[in-house]
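Modelling step: build the complete structure from the supplied sequences, incorporating the hints.
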Amino acid sequence: MDAAANAEFSDFMHGRWSQLVRLGYGLTGDRQLAEDLAQTAFAKAYASWSRVRRADNPDAYLRRIVVNANSTRFRKLRVGEVLTSAVPELVAAADDADRRGDRDALMAALMQLPYGQRAAVVLRYWLDLSETETAAILGCSVGNVKSQASRALAKLRTSAALVEGGAA
Amino acid sequence: MSIQDERDLRGRLGGLLDSIEPVPAPISRAMQRGKVIRMRRWVAAAAGVAVIAAGSVVLPRLIDGHHSVVPIAPRHYKVTVQDLGLSAKGGVIGAGTINHKLWKIVLDNSYGGGCATQPYLLTCGWKYTAKVGPRDVSIGGASEGRTQFQYGTVGSDVTSVVIRLSNGSELDLRPVSAAGHRWVAVAAPVGAMIEAASFVGASEYQYAVPYIASDYSEFVTWLRPGQPGLPRDTRQVGSGKIDGVAWHDTVAAGPWGYCVLFVGGSACTPAATRLQPPRIGKPLLRLSCSRPLDSQRQIAASTGVVAVPAGVKNVVLRLADGSHMRLVAVPAGGLRLIGYAVPSRPKVVRALEYGFAGQLVGSISGASWGC
Chain B
757 MDAAANAEFS
767 DFMHGRWSQL
777 VRLGYGLTGD
787 RQLAEDLAQT
797 AFAKAYASWS
807 RVRRADNPDA
817 YLRRIVVNAN
827 STRFRKLRVG
837 EVLTSAVPEL
847 VAAADDADRR
857 GDRDALMAAL
867 MQLPYGQRAA
877 VVLRYWLDLS
887 ETETAAILGC
897 SVGNVKSQAS
907 RALAKLRTSA
917 ALVEGGAA
Chain Z
42 MSIQDERDLR
52 GRLGGLLDSI
62 EPVPAPISRA
72 MQRGKVIRMR
82 RWVAAAAGVA
92 VIAAGSVVLP
102 RLIDGHHSVV
112 PIAPRHYKVT
122 VQDLGLSAKG
132 GVIGAGTINH
142 KLWKIVLDNS
152 YGGGCATQPY
162 LLTCGWKYTA
172 KVGPRDVSIG
182 GASEGRTQFQ
192 YGTVGSDVTS
202 VVIRLSNGSE
212 LDLRPVSAAG
222 HRWVAVAAPV
232 GAMIEAASFV
242 GASEYQYAVP
252 YIASDYSEFV
262 TWLRPGQPGL
272 PRDTRQVGSG
282 KIDGVAWHDT
292 VAAGPWGYCV
302 LFVGGSACTP
312 AATRLQPPRI
322 GKPLLRLSCS
332 RPLDSQRQIA
342 ASTGVVAVPA
352 GVKNVVLRLA
362 DGSHMRLVAV
372 PAGGLRLIGY
382 AVPSRPKVVR
392 ALEYGFAGQL
402 VGSISGASWG
412 C
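Residue numbers (our numbering), protein chains in the order written: chain B, 757 to 924; chain Z, 42 to 412.
One thing to keep in mind: the hints can contain errors.
Claimed, not checked - Which residues of chain Z face chain B? A partial, calculated answer using Cβ under 8 Å:
| id | residue |
| --- | --- |
| 1 | E47 |
| 2 | L58 |
| 3 | S60 |
| 4 | P67 |
| 5 | R70 |
| 6 | M72 |
| 7 | I78 |
| 8 | S244 |
Think of the hints as simulated: they come from the structure by calculation, not from any bench. Beta carbons: idealized from backbone N, C-alpha and C, even for Gly.
The following block contains the structure:
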């Protein structure tokens with residue numbers, strides 16, 4: 757790529773980096789992993805920059821990479837869970853939620869949601885995307901997004917981590 | 042603290058995620074990783090080219106002893122295109138350089154519907170120019186030595202066509218008006234063009250992965266972004282000798298559609314998805330038909346590839362002299378295909394279709410089996 761394209765990419769990444777890391781954090785609960793996911797998304801965008809820069813919605817492209825990359829990682833982890841007896845850290849976080857503040861309790865509750873529901877919640881209720889936009893990123897139907905978000909909301913309302921955890 | 046409603050959830054999520062302060066954007070690191078990803082893609086593309094090259098080169102050598110050109114792009118090359126403005130001057134619809142040597146594609150009405158090649162120069166008439174829809178692209182190829190040319194017309198809404206090369210560079214072709222059409226034209230080393238994309242405004246509208254033949258890339262099927270096209274599948278579907286001349290047919294299915302390689306050429310059929318196979322007892326779907334090549338004499342025969350119904354295992358051809366030929370269907374590209382060679386005399390009078398249990402399932406006329 758020439759210098760102008762590099763400069764254009766640099767501006768693009770600079771403007772979106774924080775939001776993408778936050779999206780990754782909402783999906784993983786792990787800051788380092790979130791930064792890695794975001795960096796992977798930008799690396800892929802750089803590799804296809806001529807196409808991405810012309811896309812109607814480059815933000816949707818980046819978000820899709822982050823969601824899918826973490827989904828792949830999630831599937832790999834599930835296999836690992838069968839093989840290990842170690843207690844997952846996030847379960848411990850949920851158990852200790854009463855010693856944490858509201859944010860930690862909410863994060864613990866989020867992490868207890870199935871991945872699809874968690875992704876639907878973060879995209880719909882944090883990024884404020886429409887059901888159609890969310891469906892496009894998750895690669896599912898609008899109806900599926902509605903049901904995922906609805907189930908997630910129902911679980912969060914009764915989440916032990918939230919009921920027991922927050923001070924408020 | 043419990044979640045009351047959607048509004049409550051939005052507020053709490055905002056409090057959670059907006060409070061995160063990431064490290065500064067690692068821009069140079071992302072660029073480095075992006076370059077590695079691109080490099081891997083080029084290697085994968087080059088490997089794909091090599092596999093196709095092996096299929097198209099080794100077979101003729103084994104069967105015919107003929108020499109063919111290996112369609113692998115050189116490792117290092119540089120291609121440029123010139124911006125020619127909105128309308129062609131002197132019939133020039135494309136120009137640029139390949140490794141600092143000038144190339145040019147010129148329209149000349151005296152060539153009618155044909156073309157003539159010279160080193161780094163293609164001259165074509167426009168008599169049989171394809172009509173395209175407002176957002177469509179129709180480009181075809183020619184070659185001269187190690188240089189391939191692509192040229193064709195684009196619709197009124199198409200603002201550019203980007204050609205991606207195996208060395209990772211991209212060529213942005215801006216349509217040039219001439220003879221009542223809008224043209225794009227480009228030249229590059231044989232095997233170098235690995236993808237094309239058309240743009241309407243700033244948005245990519247279609248893309249095409251070419252079939253990389255031994256002489257030039259064939260952009261046959263245009264797909265919408267995100268549409269994967271046919272999975273890659275290359276199979277030999279028939280070979281043999283007829284009247285002392287060797288023949289063979291190989292079908293390569295992929296995002297380009299279906300391409301048949303036969304001795305002396307190839308024929309491609311556009312397809313974004315698997316073609317619908319014919320029904321039992323109905324005329325067959327023909328993918329190619331050609332005359333076997335022999336430099337010494339004319340061979341009175343036809344060779345070709347047809348798709349048979351999904352439930353057909355083999356076909357028996359009855360010839361006018363009472364003899365018969367048994368042909369076995371080969372699965373390729375989601376179809377059941379038969380490569381065949383039949384003489385012009387005696388004619389094929391009937392084709393009998395047999396199922397997997399050996400039962401007769403259909404009978405059709407012999408007309409499908411000649412060119």
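Here is what the structure says about each hint:
1. E47: Because about 6 Å separates E47 of chain Z from the closest Cβ in chain B, which is inside the 8 Å limit, the hint holds.
2. L58: Result: holds, 4 Å to nearest chain B Cβ.
3. S60: It holds, given that the least Cβ distance between S60 of chain Z and chain B is near 7 Å, below 8 Å.
4. P67: holds (6 Å)
5. R70: Where the cut-off is 8 Å and the nearest Cβ of chain B is about 6 Å from R70 of chain Z, the hint holds.
6. M72: This hint holds: M72 of chain Z lies near chain B, its Cβ roughly 5 Å from the closest one there, short of 8 Å.
7. I78: holds (4 Å)
8. S244: With a minimum Cβ separation of about 5 Å from chain B (threshold 8 Å), the hint on S244 of chain Z holds.
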